[in-house]
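What follows is each chain in one-letter form.
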Amino acid sequence: MSETNLLEAKCVTMNFGGLTAVANLSFELKKGELVGLIGPNGAGKTTVFNMLTGVYSPSFGTIHLEDELISKLPPYRITQKGIARTFQNIRLFNQLSVTDNVRIAFHTRKLYPIYNSIFLTPNFFKQERAIADDTKALLSLLHLEERAEDKACNLSYGQMRRLEIARALATGPKVLLLDEPAAGMNPQETEELTALIALIREKFDLTILLIEHDMTLVMKLCERIMVLDYGIQIASGTPLEIRQNKRVIEAYLGEEV
Amino acid sequence: MTLETKQKKPDGYLMLFLALLILSVNLLLISGKMPAYYKGILGFAGINIILAVSLNLINGITGQFSLGHAGFMAVGAYVSALISIYLKWPLILALLLGAVVAALLGIIIGLPTLRLKGDYLAIATLGMGEIIRVVLLNLEITKGARGLTAIPRSTSIYLVELVAFITVIFTVNLMRSTHGRALLSIREDEIASEAMGINTTFYKVFAFATGAFFAGLAGGLFAHLMGYIAPKNFEFMRSIEILVMVVLGGLGSITGSIVATIILTILPEALRSFSQYRMVLYSGLLIIMMLFRPQGLMGTKELQVREVFRLFGFGGGKNV
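Same order as they appear, the protein sequences are chains A and B.
Counting with our numbering, you get residues 0 to 256 for the letters of the first sequence.
Counting with our numbering, you get residues 196 to 515 for the letters of the second sequence.
Chain B on its own, in the form it takes in the complex (with noise of 0.2 Å):
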């Protein structure tokens, strides 16, 4: 036990390590040495991250158990894709309103579904996300299981790079806000936090907004990325692959999530030749992870070098 509060100051060392990493991967992003598949992989995990740190924010922080992410990914998907084909918009705009339409469907669906709580919740959205899939396949402008082809390829490594950046910052500045806390308050206990006078209505309602809006982003850069989308993109394994980099990495973490998403999409590339067992390996390791580590990679805790350092004997956590 310290004496000293501990502080949740940013550490310097960790931002220093990201930004050198960053950097080099840019570095060689940039010197056009990297080869094509690592730049699609490069892209996947940004996509991803978005991915995960929006379903976090709905799921780890605020704590409702959403099962629909792949659905509001989809939305985002096919309306900035549809923009891009018929009305030929600079693509942002084709990204932000695809985000847009998924966060009203947000909000149009969160306000009666977050009435329920736990496994009722996460049935409803369950039940959302295959509605949104089915409708895409059966609409004559979606072109049903054909998906959209000739999707204009406008998404580069960087706009990924630069949103999933924007994610991240957003979802850790609001963390660090009395905003944050409501939502965390939430998570904890719904009539405490009411009794706090905060209007738990709005805020579940805000994170699954939020949520959905950086999903359908993720989507929209997802389809401008591939040039081709079609509804077996956003089925409900999608979902759960989304989640199981949630839980891995620990609910409520965001650096978890991000340290999980890049696990778990570099994994199953590394291991090509077997690529089929991915969803046994998926399975094996959450069951692993359940069993071992119930609360994830991280817990509720943000990765510090400090720690990391610790975790490897090289001292220097004397404070913990």
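Next comes chain A alone, as it looks inside the complex (with noise of 0.2 Å):
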């Protein structure tokens, strides 16, 4: 295993019964890679998504973050090893507000005992005020500051994208799975995510995977990208290596692109 590969994923199945999501995958993550998953409706995706971060322990296979095993690991375990993910159907905390939801995340990084809470020692007003600081400067980058207080819930659609993506990173990640951030939104709204995207990965030190169905997006910021079919890897290259794929053509991208 070579050390610029931060993470590895070698011959990953998932099966669901007798369906097979995902069939023998393998690929890997270069640091500060931003890498591009597509493919069609159902072609297991989310699925890849879903064992990365340990919602799914794979059939076969395994994951390496940084030449450590993870595949057996619980997702709060993965989430503490540095994979932060967004949720395609979003799963923000609807009833609590903007500024906690970004709270909650820095639970692992800003963490003490109980007791310190109970008791009210220093140890927990420092912590405290260091979890606000962070959470306004997140905030603030991902032009969230205004609604600060309101409720998730209560926020437009490009806002709840852009606060799950605030909220993976207050986690502090070193991997960062996006799962169609660009979803519902319009035009604009997307070209502001595209340059969101490229900010932050400047700024964290990021390595991104990212699935999109906008094929804008994906080609402008991706610097290599993966098809999946029916669970199936059926090519891997540069955008426009992709492009001019026959098996890419046929199975997704349509002869127009």
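Take these hints with a grain of salt, some might be off.
[Unchecked claim] Keeping only pairs whose Cα atoms sit at most 30 Å apart, straight-line, the calculated DSS-like set for lysine-lysine is:
hint : chain 1 : residue 1 : chain 2 : residue 2
1    : A       : Lys150    : B       : Lys496
2    : B       : Lys496    : A       : Lys109
3    : B       : Lys496    : A       : Lys125
4    : A       : Lys135    : B       : Lys496
5    : B       : Lys312    : A       : Lys150
[What the hints assert, rightly or not] Quick look at which bits of chain A chain B covers, simulated, 3 or more residues with Cβ under 8 Å:
hint : stretch
6    : 70–77
7    : 82–89
8    : 112–121
9    : 125–138
[Unchecked claim] Partner residues are not named here, just some residues of chain A that face chain B (Cβ under 10 Å, in silico):
hint : residue
10   : Gly53
11   : Asn93
12   : Gln94
13   : Leu95
14   : Ala104
15   : Phe105
16   : Arg108
17   : Ala151
18   : Ala169
These are computed hints drawn from the structure, not numbers from a lab.
Note that the Cβ used here is the ideal one computed from N, Cα and C, for glycine as well.
Each of the two chains sits in its own frame; use the hints to bring them together as a complex.
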């Protein structure tokens, strides 16, 4: 295993009963890369994310993060190791404020013992102040500071997607998995999001794996693209190669792109 | 909408008001002018506050629907009463040991059952409460349906007040911390919570065990206040009574639980002559609440004096 590979999946297979959602998939993410994962609906893209984050444990195969086996760990341990994600069908803490949504995500990085919170020790105040400051900084980076005290369920669709990203960043990830971040956004919002993804990648030194159907965004951002169809990787390469790949055009892109 | 961020600082007026209230009640107590009957009500109100706030930690804050709170209360009551009767240990030790046993039981029962969600968890915890009651009914040492008599009546109202106060402070401080937020996030979305790096199993069991601990304490206080306990004190309806207090006050609101508990403890006493209709009153209240205010008296909010003024039209609540 080369040391530049941050994340490495080897022959990963996911069976649900008789259905094979992902078959024998191998790929690696190099540090700092931005890779796109595309394919038709039901191709198994989100299943890949669920395996990487521990929601599912792969039926076969292994996943390593920095040479450490993570495919047997529970989701919260994997998040602590440095893989954060957003959800395709937004999963915010709806009844809590925007600030609280982000503050919750600082849980693992700014953890203090429970007795500290009961007895209000100096460490409690110190950590909480740090959480408050970092939360503020993240919210202003993602242009959410004006809605900081609103309930998450009252945000607009685009704001919800940004809050999901803010929350994922708060966990302090090395690898960020974005599941259709531009879904339901208008072209202008998508353009802002494209710039935002580039910005956070730079600022937080992130490696990003991105599922997206918006090809403008994918072609613009990604250095490398993997294409899944029926759980099988049918192509992998630069945006240019993918655009000209015959199998990809047949399975997904169509003639026009 | 305000531009300045609303900070959840403790409301100074509320604190002052509460302090004065507690002080005046206690002055009345110390002066010895309070009739024993009122003292009794005060004691039950305190015990109910401990029960309601600790159940709120499980049901309202962590969102794990538990119907077995009377069971934990029973364990605390019996363990501490037995220790007092047979070992004659000091009250504090008996209470603490009862609470610890209840908490341990909470962990043992919580680990397998907290995999369940919603209705299934409710039924599992209901079953647990009933098992505890039936065991108490059939054991030799608990004297079955006759119950334990001659428990030293060593609980004072002050001790009940103190424990209730500690329970509330514990819960409030917990809620203001990252651990409290972790509990809330489990209620909101368990999968997302886990994805934020929160060990949801640990926190669910923690909430369950802590709730059981305080319920056990309340049970011990109850036993040493009454001097007599029997399995019928800890029937399923007792769990429901506590649940009604929590739901009526608003799931997740600590002050809501306290207000609802005080109302629901005093109201049946005030309506003593119709006491056989107490459960009718309970059910009626619940139905009316669920129709007109399903989120409970306080919703998930906490009581703020400023808001109370606003409610009565004194203004001063411009920034809401």
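Evaluation of the provided hints:
Restraint check: the Cα-Cα separation between lysine 150 of chain A and lysine 496 of chain B comes to about 13 Å, which is no more than 30 Å; the hinted pair holds. Taking the CA atoms of lysine 496 of chain B and lysine 109 of chain A, the gap is about 26 Å. The hint holds against a cut of 30 Å. A distance of roughly 26 Å separates the Cα atoms of lysine 496 of chain B and lysine 125 of chain A; the hinted pair therefore holds under the 30 Å criterion. For the hint pairing lysine 135 of chain A with lysine 496 of chain B, the CA-to-CA distance comes to about 23 Å; that is within 30 Å, so the pair holds.
Under the criterion of a C-alpha separation no larger than 30 Å, the hint pairing lysine 312 of chain B with lysine 150 of chain A is consistent with the structure, at around 25 Å. Given as covered by chain B, the stretch 70–77 of chain A passes the check, having 3 residues with a CB less than 8 Å from a CB of that chain where 3 are the minimum. Here's how the stretch 82–89 of chain A fares: 3 of its residues keep a CB closer than 8 Å to some CB of chain B, so the rule of at least three is met and the hint holds. For the stretch 112–121 of chain A, the proposed coverage by chain B is satisfied: 6 residues have a C-beta within less than 8 Å of a C-beta in that chain, meeting the threshold of three.
By the rule of at least three residues with a Cβ nearer than 8 Å to a Cβ of chain B, the coverage given for the stretch 125–138 of chain A holds, with 3 such residues. Satisfaction of the interface hint for glycine 53 of chain A is found here, the shortest Cβ-Cβ separation to chain B being roughly 8 Å, below the 10 Å cut-off. The criterion of a C-beta within 10 Å of any C-beta in chain B is met by asparagine 93 of chain A, whose closest approach is roughly 6 Å, and the hint holds. Using the Cβ-Cβ criterion of 10 Å, the hint placing glutamine 94 of chain A at the interface with chain B is satisfied: the shortest such distance is roughly 6 Å.
Evaluation of the leucine 95 of chain A hint against chain B yields a held restraint, the C-beta minimum of about 6 Å falling below 10 Å. The criterion of a C-beta within 10 Å of any C-beta in chain B is met by alanine 104 of chain A, whose closest approach is roughly 5 Å, and the hint holds. This hint holds: phenylalanine 105 of chain A has a C-beta 7 Å from the nearest C-beta of chain B, less than the 10 Å allowed. Hint status for arginine 108 of chain A relative to chain B: holds, with the closest Cβ pair at about 8 Å, below 10 Å.
Interface hint status for alanine 151 of chain A: upheld, as the beta-carbon distance to the closest one in chain B is roughly 9 Å, under 10 Å. With a cut of 10 Å, the hint placing alanine 169 of chain A at the interface with chain B holds, because the nearest CB-to-CB distance is about 8 Å.
When the structure is compared with the earlier hints, no violation turns up for any of them.
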